[in-house]
Each structure stands twice: as C-alpha cells, then as structure tokens.
Amino acid sequence: MLKKIIQSGYISYASDANRVAYVLGHFPFIGDKINSARSGRREQRAFGIAGVVLRLIWEIIKKAAFVAVFMILPRYVLGRICATGDNGFGLENCFVYFSVVMVCFCGSINNSAIFDVNEEAYAALREAKCSPYDYFRMVVLRKSITELISFWSVFTIFGMNFFKAFYLTIVIIGSRFAGEAFNILLFRATRKPFSAHKGAGIVLMLVSLFAAYFVPYLRGHVPGAYELIFDTIWLMVILTAFAVLIYYVWNYSGYPKIAARIFRKNALEDESGQEFISEVYDGPALSAEDIEEYNLESYKEINREFFARNRSAIAGAIEFRIVFSAAAFAAALIAVLNGYNDAVYKVISYSMSVMVFVMCVFSNSFRLCKAFFYQCDCELLKNESYRRRNDILENFFIRLKYLLVIDLIPAVFLSAAYAAAGMIAGKDGSGHIVAAVCIGIILLSCFFTVFQLGLYYIIQPYKSDIKKGNTVYTVINIGMYIACALFIYIDSTTVFFTLGAGLALAVVTAAAVTLVSQLGYKTFRLK
Amino acid sequence: MRLIIRDIKKKFDEITVLNRAGYDFESGIVYGIAGARGSGRTTLLKCICTECVPDSGYVCLDTGIDIRKADYMDFGIVYDKPVLPEMLTGNQYIRYMLRLHEVGAEDTAEYFRLAGISDELMDEYIGNYSDDEKQRLQFAGIMITSPAVILIDEPKSGGRNNEMLKALVDRMKRTHIIIITSDEGELPDGLVDELVLLKGGVLSGSRLQERQHA
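Residue numbers (the numbering used here), protein chains in the order written: chain E, 845 to 1371; chain L, 6 to 219.
It is possible that part of the hints are untrue.
Claimed, not checked - Below, simulated DSS-like cross-link-like pairs (lysine-lysine); rule was C-alpha separation at most 30 angstroms, straight line:
{"id": "1", "chain 1": "L", "residue 1": "K86", "chain 2": "E", "residue 2": "K1307"}
{"id": "2", "chain 1": "E", "residue 1": "K1101", "chain 2": "L", "residue 2": "K86"}
{"id": "3", "chain 1": "E", "residue 1": "K1042", "chain 2": "L", "residue 2": "K16"}
{"id": "4", "chain 1": "E", "residue 1": "K1036", "chain 2": "L", "residue 2": "K74"}
{"id": "5", "chain 1": "E", "residue 1": "K1101", "chain 2": "E", "residue 2": "K1042"}
{"id": "6", "chain 1": "L", "residue 1": "K74", "chain 2": "E", "residue 2": "K848"}
{"id": "7", "chain 1": "E", "residue 1": "K1101", "chain 2": "L", "residue 2": "K14"}
{"id": "8", "chain 1": "E", "residue 1": "K1109", "chain 2": "L", "residue 2": "K86"}
{"id": "9", "chain 1": "L", "residue 1": "K16", "chain 2": "L", "residue 2": "K74"}
{"id": "10", "chain 1": "E", "residue 1": "K987", "chain 2": "E", "residue 2": "K1101"}
Unchecked claim - Which bits of chain E does chain L cover? Going by a derived footprint, with three or more residues having C-beta under 8 angstroms, they are:
{"id": "11", "stretch": "848-856"}
{"id": "12", "stretch": "960-966"}
{"id": "13", "stretch": "971-977"}
{"id": "14", "stretch": "1096-1105"}
What the hints assert, rightly or not - Looking from chain L toward chain E, a few residues come up when the C-beta cut is under 8 angstroms (computed):
{"id": "15", "residue": "T55"}
{"id": "16", "residue": "E56"}
{"id": "17", "residue": "D76"}
{"id": "18", "residue": "L89"}
{"id": "19", "residue": "P90"}
{"id": "20", "residue": "Y101"}
{"id": "21", "residue": "R104"}
{"id": "22", "residue": "D128"}
{"id": "23", "residue": "G146"}
No wet-lab data here; the hints were simulated from the structure. It should be emphasised that the depicted structure is a prediction, and the values quoted were computed from it without experimental measurement. A virtual CB, placed ideally from N, CA and C, is assigned to each residue, including glycine.
Make the full structure from the sequences, and use the hints.
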C-alpha cells in the first residue's frame, strides 16, 4: 500500500526534479552537461533529491512569511497600540494563540489539501487514473510531513523553545486532519467542499480575524491558549481526538466520488479568474467573424456585451467588498460602544499604510483583464484591424471607464465606512485625517485599476490554450502584492500618504497611456 | 458493451444546450457526433464522461455482466487542448503510467511508435509539445489505461493524423466504445461507422452504410 501511495506522488516529484534540471540547464559552463545528462537514472535521482530539498526550503520561506505577517507583525502592532504595551503579548503566547486561530481553525478549514484542485491532481486522477485512495492519502501525508518540518523550523528560528515548537506543530498537523474531516463531512452533506461555499469562506475569515486580532486588542493581551494547549489533560484529549480524525480521513471510502465530482477540467481555471470565465460557451463569446467593421462603435458594443454577460459575477464581487466594508464599520461601532473611541481613531489614522495592500486586493481589474482575453481578445486579436495603434488606445479608454466604475463602487463604500467610523469616534480636529483616508482609498483604487489594465495591454500575458499568465506577469503581480504589504512598515502621516497616492496615480496613468499608445500595437497581440 | 445515455438535459442560465438527449453506443462501432459550432458537442461530451453534471438524465454502462452508472474511470478522453503534466518528459509520463497500471514490459518506445510520436520527443518536456503531440500522448495513455469508453474531442484532421487515428481506432474498437466529436462536415473520412447529429439539443443517428445505400 505504501508503495502505491508514494507512486501517486511521482508527478509532483518528477516535475520538481525536472524544474531543477531545467534551471541548471541554463547556467553557463555546466548547462550543456546538465542537458545532455538529465535523462540518466543517477542524474534523475540527484535532481529528484534536489527538488525535494528545494521544495522544503520554499515551504519554510512561505511559512516564515506567513508567521511574520500574521503573528509577528500583529504582535508588534498590538504591543504599540494597546495600553498594556508588550506585556500582554509574549512571543510564545502569541505564536500559540495566533496559530490556534489562524492556522488550526481558519487555515485548516479553508485550505484543504484533499480538495485542492490543480493540474497535477487532475493529471494524476483523470489522465493517469491513479487510485483516488492512494492519491488523496499521499496528498495528506505529504502536506503533514512538509508542514511538520516547515512550521517546526520557523517557530524555532523565530525564537520559540525547540520542544514547544515541536508540540505546537503536532497540534497544527492534527488540526489539519480535523479540517480535512470537516471538509469531507461537508462534501457528503452538500456535494461541495468548504472553499466552494464563498459566503462561508468570507464569514470564517472575518470571524478568525476578529478573534485573532480584535479580541486581544480589546483585552490588552492574547487569551490563554498557551495554558490550554500545554496542559497534560488537554494534551491527552487533543491527541486522542486527532487519532480518531486521522483514522477517519485515512480510511474514508468516498474518495472516488470526490475525484469524480471535484477534479474536472473546468475546475482548473485559477480561482481568481473562474467567476468571470463563463463555462456556458464552448469557446470565446465573440468571434472575429462576428464583427463586420472594427471602429469605435463596435468596440463600445463589444465591451457593453462583455460587461452585460459578466454582470452577475461582477455584482457578486462588488457585494463581497461592500460586506467587508460593512464589517469594518460594525467592528468600529462595537469598539466605540465599548468606550474605545481613541483606539478607533488611532486605527483610522494608522490605516493608510495598510490600505495600500487592502486596495491592491480589492481591485477586480486583474480578473477582469483575464476575462477580457478569454472571452473577447483571444478571438478578436486574430484580426489585424483590432491591433491598430489608435484602436488599441480607444479600446483601452473604453475599458478603463468601465473598470474604474467597477473598482470605485466598493472603494466609495469603504471610504463611507471610514468616514462614518471617524464621525462616531467623535475626536475633535480629526476631520482632515478621516478625509485624507477617504480620498486616499479612492486614489489607491484608481491606481490599481490603471496599473492592471495598463499591464495587460503592455505585457498581454495570456495564451488561448493555457488559462494562466506568463511568468513575467506572475512575478510582477507577486512583487506588487509584496511591495504593497511592505508599506505597512512605512511610518508617515496620513496626509502625506494620500498625497503620495495621488502622485502615484498621476504617474501610472501617464505611463500607462504613453506605453499603450506607443507600444500597444506591438505588445498587445496573440502569443 | 454498451453506453446508455438517456434524457440528458443541461441548461446554462436561460440557454438550453441539451434537451433530453439520448442514445445507445456500442463497442465494435465508431461513432461520430457532429454538430454546428455552439450546438453543445463539448457540453454533451462533458456530461457523458462526468466532467459536467447534467440537470437531469443519466449515463450507464452495460458491461454485459451488469448495468451500472458510468464512472469517470470508465472514460478515456482526448481533448483538443489536453491537460498533461507539463514538466514531465513524454518518456517519464509513459513509464510512470506503465508502472502505475502494472503493464508488463516498460517499452515506452513502442507506445510512442503506436501513438505516432517521434522518438526525438521522448525526452522532451510535455510542455514543449504541440497540441497535436499532446493528443497523441493522451492516446498512448489510453492504450495503457484501457478504459471502456474512449471519447475524442475534435481530432486534428489531415494526412498523418488521420492515419494515426484510424490505426488507433481500428486497434481498439472491438473491445471499446469509441465516440468522436467534431464540427459538421469535419469528421475524418473513413473513420466513423455511425454518424450521430446533435441538433436542437437532441441526438439522432444513422449508420453511414445505410445512408449511402438509401
């Protein structure tokens, strides 16, 4: 049985090995030798081991980033803004509490390994016809081993006691099985895993964020998960429960149903694009032959048709962001009603640095640009008239207007939530700060809209046969997310931040229009 | 062996794509499902092979011993845009499937030859294959996994492709049910024994020999 389980992981193992060989094959001096020898058995084994090691290192880096952003940074911020200072936020206490909430509870339910649809899983289950029992056991086992090494390493590196870090990691691994069991039970009841219930995911995230960060803020210290986890009686209870859950997940008999129902070709669309890429039609919505003449009127008609077709998905995306804004206001209201007016004002005045990241995530433009390509441009770009310099610029402006409206609606709601929170906090002389935040939110929303649309036209990263962007595009977007997250560390006034956002918007708009008009006819084409 | 399709209905928003489509497909006959662009061929294919859940209807497999609901394992599908592990070489992929399904000898070259893939591509990454070459690799995979029903979605037509497809189909049709979907008028010549038209969400068919004699 173990041999079959390990065999099920071959695609991932060999892919990682080949990636190592591919990268090394491009190095000077050794590249030719690597390329000529990569088919040999001994060489393949060496690349395989290197692939496994590098994969583990990558997992450690990801976990380190996660711990830094979701544990160490909140500990630092809470220590600054709470009256108790650092006293209520000891390192190990924070690691335990934030891990229990964000990793064991939220992460385990939201990030099921079994229900993770990706190309490797599809190829293994549907093409190679792996046994679903072996495949899913392999996936769970692989994740457990990887997380054991990565979380244990990261907690230890960041200063937690070696043995306590090990025990905390065991709790995390056990909670992963609890999360898998929960997803399996939910699938049995509703035929969908938790991640497919979009509203539930949002609620879970909001509840977790509230419990992880707002509750310690109100109490002035992290609640006592530490004593609970490291108590002998609770230790026995937790480990017994985990043993039962591990047995259930390992021996679940319905894995073929999961493979049949969840792992389909349509489900491979990456999630960010899925809601906007309709599965109704066998191909794109518009064909090059459908358009008689390529002019301003036809571009307006094409875009009108596109946005009408995706109306419900767009409305859904906007609604989610409005709910988020309402939740933010509700949190502020609760805090004010409990007498934390100063704290609410403090959060508002510090929030511009966080808003950069929030508005980056809020923007719908990335997904809509992807939908532009797969529903319209992949066909229309076959026609030379569509690629004329002026036509590209015209189309760019038409789309920019639509995207600005779509992104501005939730931005306006978020600004209104901030303005309302500022009013109810009722701090004298704070009007200009609140106004600066509200204007800053609008400017940041516009910035990311222009940025994404401009990037789409300047890079045009998509191919019609693969529903993923090219590497450069992916790297730019990841870099942008990281850069936006790093704004948290910038210590500056709200007004200055807002002025900076305005300047950035002006620069990105000028750059986008110039580059699209000058280079768009070369770059905006079928690859 | 028989594939039984009954009352398949599928609607997307207000559009009815399949309207109680039904047909019986048997082994020993190569079926071609033809229809205009947008007629729902790919949707039908997906409903048959469980990639898409129909709003109503069922798909069953009569194996001769029992009649049971068709499962995704019963189908081998060759898509016009295949999804294969891009960072594996063709050789690694075929060798892996041979080991996974415990098929005696590991002569991957033989499978490449049967699928009409050049030897030079054996150690090339699948990601560098053309769509046509990926389809051939899928054929090779199907020869190893040997599912009951083989579905081929819009095969590339023309010279060498037709020959390869015909050879594969001739090799497998006796013991498998083979269904090929294509645009109307674009089914490869001489490949299909029975033409099934998909029009208005409904299937209707006739043996090609009967039509020729009619």
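Hint-by-hint comparison with the structure:
no.: 1; hint: K86(L) with K1307(E); in the structure: 12 angstroms, holds
no.: 2; hint: K1101(E) with K86(L); in the structure: 25 angstroms, holds
no.: 3; hint: K1042(E) with K16(L); in the structure: 22 angstroms, holds
no.: 4; hint: K1036(E) with K74(L); in the structure: 21 angstroms, holds
no.: 5; hint: K1101(E) with K1042(E); in the structure: 22 angstroms, holds
no.: 6; hint: K74(L) with K848(E); in the structure: 27 angstroms, holds
no.: 7; hint: K1101(E) with K14(L); in the structure: 22 angstroms, holds
no.: 8; hint: K1109(E) with K86(L); in the structure: 10 angstroms, holds
no.: 9; hint: K16(L) with K74(L); in the structure: 22 angstroms, holds
no.: 10; hint: K987(E) with K1101(E); in the structure: 22 angstroms, holds
no.: 11; hint: 848-856; in the structure: holds (count 3)
no.: 12; hint: 960-966; in the structure: holds (count 3)
no.: 13; hint: 971-977; in the structure: holds (count 4)
no.: 14; hint: 1096-1105; in the structure: holds (count 4)
no.: 15; hint: T55; in the structure: 5 angstroms, holds
no.: 16; hint: E56; in the structure: 5 angstroms, holds
no.: 17; hint: D76; in the structure: 6 angstroms, holds
no.: 18; hint: L89; in the structure: 6 angstroms, holds
no.: 19; hint: P90; in the structure: 5 angstroms, holds
no.: 20; hint: Y101; in the structure: 5 angstroms, holds
no.: 21; hint: R104; in the structure: 7 angstroms, holds
no.: 22; hint: D128; in the structure: 5 angstroms, holds
no.: 23; hint: G146; in the structure: 6 angstroms, holds
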